[in-house]
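Protein chains: 2
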Amino acid sequence: MVAALDIQVTKVERSKLSEINLDNLPFGKYFTDHMLEAEYENGKWTNVEIKPYQPLLLDPSLAAIHYGQSIFEGIKAYKDAAGNAFIFRPYDNLKRFNLSALRMNMPEVPEEIFIEGMRRLIEVDKEWIPGKKEHSLYIRPFMFATDCMLGVRPSTTYKFLIILSPTGPYFPRPMKIRVEEKYTRAVKGGVGFAKNAGNYGGSLLAATEAQAEGYDQVLWTDAVEHKWLQEVGMMNVFFVLKDKVVTPSLEDGTILNGVTRNSVITVLKDMGADVEERPVHVNEIVAAHKTGELKEVFGTGTAATIAYVETLAYGKYEMNFSEKDWELSTEVKRRLTAIRDKELPDTNNWLFNI
Amino acid sequence: MVAALDIQVTKVERSKLSEINLDNLPFGKYFTDHMLEAEYENGKWTNVEIKPYQPLLLDPSLAAIHYGQSIFEGIKAYKDAAGNAFIFRPYDNLKRFNLSALRMNMPEVPEEIFIEGMRRLIEVDKEWIPGKKEHSLYIRPFMFATDCMLGVRPSTTYKFLIILSPTGPYFPRPMKIRVEEKYTRAVKGGVGFAKNAGNYGGSLLAATEAQAEGYDQVLWTDAVEHKWLQEVGMMNVFFVLKDKVVTPSLEDGTILNGVTRNSVITVLKDMGADVEERPVHVNEIVAAHKTGELKEVFGTGTAATIAYVETLAYGKYEMNFSEKDWELSTEVKRRLTAIRDKELPDTNNWLFNI
Numbered sequence: 001m002v003a004a005l006d007i008q009v010t011k012v013e014r015s016k017l018s019e020i021n022l023d024n025l026p027f028g029k030y031f032t033d034h035m036l037e038a039e040y041e042n043g044k045w046t047n048v049e050i051k052p053y054q055p056l057l058l059d060p061s062l063a064a065i066h067y068g069q070s071i072f073e074g075i076k077a078y079k080d081a082a083g084n085a086f087i088f089r090p091y092d093n094l095k096r097f098n099l100s101a102l103r104m105n106m107p108e109v110p111e112e113i114f115i116e117g118m119r120r121l122i123e124v125d126k127e128w129i130p131g132k133k134e135h136s137l138y139i140r141p142f143m144f145a146t147d148c149m150l151g152v153r154p155s156t157t158y159k160f161l162i163i164l165s166p167t168g169p170y171f172p173r174p175m176k177i178r179v180e181e182k183y184t185r186a187v188k189g190g191v192g193f194a195k196n197a198g199n200y201g202g203s204l205l206a207a208t209e210a211q212a213e214g215y216d217q218v219l220w221t222d223a224v225e226h227k228w229l230q231e232v233g234m235m236n237v238f239f240v241l242k243d244k245v246v247t248p249s250l251e252d253g254t255i256l257n258g259v260t261r262n263s264v265i266t267v268l269k270d271m272g273a274d275v276e277e278r279p280v281h282v283n284e285i286v287a288a289h290k291t292g293e294l295k296e297v298f299g300t301g302t303a304a305t306i307a308y309v310e311t312l313a314y315g316k317y318e319m320n321f322s323e324k325d326w327e328l329s330t331e332v333k334r335r336l337t338a339i340r341d342k343e344l345p346d347t348n349n350w351l352f353n354i
Numbered sequence: 001m002v003a004a005l006d007i008q009v010t011k012v013e014r015s016k017l018s019e020i021n022l023d024n025l026p027f028g029k030y031f032t033d034h035m036l037e038a039e040y041e042n043g044k045w046t047n048v049e050i051k052p053y054q055p056l057l058l059d060p061s062l063a064a065i066h067y068g069q070s071i072f073e074g075i076k077a078y079k080d081a082a083g084n085a086f087i088f089r090p091y092d093n094l095k096r097f098n099l100s101a102l103r104m105n106m107p108e109v110p111e112e113i114f115i116e117g118m119r120r121l122i123e124v125d126k127e128w129i130p131g132k133k134e135h136s137l138y139i140r141p142f143m144f145a146t147d148c149m150l151g152v153r154p155s156t157t158y159k160f161l162i163i164l165s166p167t168g169p170y171f172p173r174p175m176k177i178r179v180e181e182k183y184t185r186a187v188k189g190g191v192g193f194a195k196n197a198g199n200y201g202g203s204l205l206a207a208t209e210a211q212a213e214g215y216d217q218v219l220w221t222d223a224v225e226h227k228w229l230q231e232v233g234m235m236n237v238f239f240v241l242k243d244k245v246v247t248p249s250l251e252d253g254t255i256l257n258g259v260t261r262n263s264v265i266t267v268l269k270d271m272g273a274d275v276e277e278r279p280v281h282v283n284e285i286v287a288a289h290k291t292g293e294l295k296e297v298f299g300t301g302t303a304a305t306i307a308y309v310e311t312l313a314y315g316k317y318e319m320n321f322s323e324k325d326w327e328l329s330t331e332v333k334r335r336l337t338a339i340r341d342k343e344l345p346d347t348n349n350w351l352f353n354i
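Which chain is which? The protein sequence lines are A and B, in order. Residue 1 is where the first sequence starts when you use the numbering used here, and the numbers rise one by one after that. Residue 1 is where the second sequence starts when you use the numbering used here, and the numbers rise one by one after that.
In isolation and in its complexed conformation, chain A is listed as follows (with noise of 0.2 Å):
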């Protein structure tokens, strides 16, 4: 347990939950009646405050808006079938936050206020935790910096805040999406596993060409030769071959270590499947299909956990899968959806109660 922490709380006067139709929620769109706010300066964190949703009154030289330092998390909160509220893997967000913030030449933020804070914040606002069935809380954590002059250099000032979005069920229709042989979005040395929003910014145009051309989405590439694959859009991507799946590795930092990732590494190892992280060509993976040998592929993320890829184009070879084929996936999602419902065991430690 972390220490008490002593934060400030302001309540609204009146929820606006009621103008809400908890039944249709779409990603992101909604957020709850209050937020988590923290202030970096002399370096230090302070005035830790929960309080009303509501803009920020910000310089327009924001350091932030200038110059980049901003990074963010995905977690979720689900209420279980008895009402009781639990975080998935808050702790593992945690670590990849403060990863990315170093990166970002950004302080640290400290566990009582990422998750003391996000536990009280939920604890608030835990009315808003839609109940039903693949229904969530989305939570954000986020931290930008806050120094007001233009020169570049780390900022000395940073607001942390926590922000919560009741999301309704994440059913993407099965993905169309195509190798990236154009636009790079990461490369050895860089920022690629770092969740700073330069990455999103920098990769939106891929995407927008690729939606021209058909696509939902694009599978990033090395800079070199796009060909060893990276990740798909926001999310790390498995292929299931015909005695193991293959998903690439971390070593070269230049993609998201996945939480929900690391989640399906673990059931699928559970399940006693032979799952290698490792580099993977993209010949290796044209080659399976030819020969059949590649059964299915799909992408794992907060907000989806599993989404399946109905086309993974290279160039003009294409190739389709369609419901029959995703089978392991489909087992995959079932394990994890059953261990949040509280249907498997949580052997990993990986709901945290609220």
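Simulated from the structure, these hints should not be mistaken for laboratory data. Among the hints, erroneous ones may be present.
Keeping only pairs whose Cα atoms sit at most 16 Å apart, straight-line, the calculated EDC-like set for lysine to aspartate or glutamate is [said to hold, decoys possible]:
1. 182(B) with 251(A)
2. 333(B) with 296(B)
3. 188(A) with 310(B)
4. 159(A) with 59(B)
5. 11(B) with 123(B)
6. 182(B) with 252(A)
7. 188(A) with 225(B)
8. 295(A) with 243(A)
9. 188(B) with 213(A)
10. 29(A) with 23(B)
11. 29(B) with 59(A)
12. 176(B) with 310(B)
Restraint-style ranges between C-beta atoms, simulated for each label pair [to be verified]:
13. 43(A) with 286(B): 39 to 45 Å
14. 209(A) with 275(B): 32 to 38 Å
15. 322(A) with 108(B): 51 to 57 Å
16. 181(A) with 320(B): 42 to 48 Å
Note that the Cβ used here is the ideal one computed from N, Cα and C, for glycine as well.
Put chain B on the given structure of chain A with help from the hints.
For chain B alone, kept in the frame of chain A given last:
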């Protein structure tokens, strides 16, 4: 000339100019009385306003903070001996701004807002342009995404602003730099040529580590071998060899297409120098230093115009220079200053009168 623009102007009741000491101005710390603000929505720019410099009320879910669609430019305005104000090459910055916008999947800003808005804003705050030599008014146009929604997709709304900061003479001490062999700033297919916020945030850690080793900045290199030279911190880099000047070329899109870089190349060619824009390998520079053919190294950028390099280190090999070596760079700086001071003719139409 651009079309007359409908700009609503609201002036401050009392200028804060008298509170500022124009003889002692740090870079980018003080801002003038007014700012320009425009909004993009429903596919077009609207609400172009000049108004008192003031904080912005921004939602915590602001797209720019979470997903990094945020770009900027840096330009300078001067006042000549007769009191006439002018901007240095603003059209080149407009062109680059819109290339950054394209890469970051953002709308272009039209000339009548970027140039004419800038002209009108500076007209309103013209008393803020320092008249002394080597002083200037730093102009910061920037644009960021303003959708309030956590889905990862190009924002549909944006703000474009121009803020102004009077700045004193920038006499940096000669720089000690080292060749970066661990971190990567940019790679082909990425966003290195764009002036987006994330490029700066991602570069800070390398500079911080170099500073801990006694250097001021790093000289970025290619992502694969860390041997092909790119740019120095916030500047382009030039190497003066015995019979020519070389500077890294732009074709990979990994370095900024600096306006000062271009001005320097133009002035060097006017002086009869043989300038080569091409890939530059660190071994070529080290070999030229060993034979005595490497005469000078210097950086170019809006803030300093020309920054002398005192030390360039490649691993344990240090190349040192001193005042007596900085012949060509000093002459280039003298000519650029003389063009701005209207002591040399503005043959390239670089000065834009306000």
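Hints, one by one, checked against the model:
{"no.": "1", "hint": "182(B) with 251(A)", "in the structure": "holds, 14 Å"}
{"no.": "2", "hint": "333(B) with 296(B)", "in the structure": "holds, 14 Å"}
{"no.": "3", "hint": "188(A) with 310(B)", "in the structure": "violated, 30 Å"}
{"no.": "4", "hint": "159(A) with 59(B)", "in the structure": "holds, 14 Å"}
{"no.": "5", "hint": "11(B) with 123(B)", "in the structure": "holds, 12 Å"}
{"no.": "6", "hint": "182(B) with 252(A)", "in the structure": "holds, 12 Å"}
{"no.": "7", "hint": "188(A) with 225(B)", "in the structure": "holds, 11 Å"}
{"no.": "8", "hint": "295(A) with 243(A)", "in the structure": "holds, 10 Å"}
{"no.": "9", "hint": "188(B) with 213(A)", "in the structure": "violated, 22 Å"}
{"no.": "10", "hint": "29(A) with 23(B)", "in the structure": "violated, 49 Å"}
{"no.": "11", "hint": "29(B) with 59(A)", "in the structure": "holds, 12 Å"}
{"no.": "12", "hint": "176(B) with 310(B)", "in the structure": "holds, 6 Å"}
{"no.": "13", "hint": "43(A) with 286(B): 39 to 45 Å", "in the structure": "holds, 40 Å"}
{"no.": "14", "hint": "209(A) with 275(B): 32 to 38 Å", "in the structure": "holds, 35 Å"}
{"no.": "15", "hint": "322(A) with 108(B): 51 to 57 Å", "in the structure": "violated, 42 Å"}
{"no.": "16", "hint": "181(A) with 320(B): 42 to 48 Å", "in the structure": "holds, 44 Å"}
The structure does not agree with the numbered hints 3, 9, 10, 15 stated previously, though it agrees with the rest.
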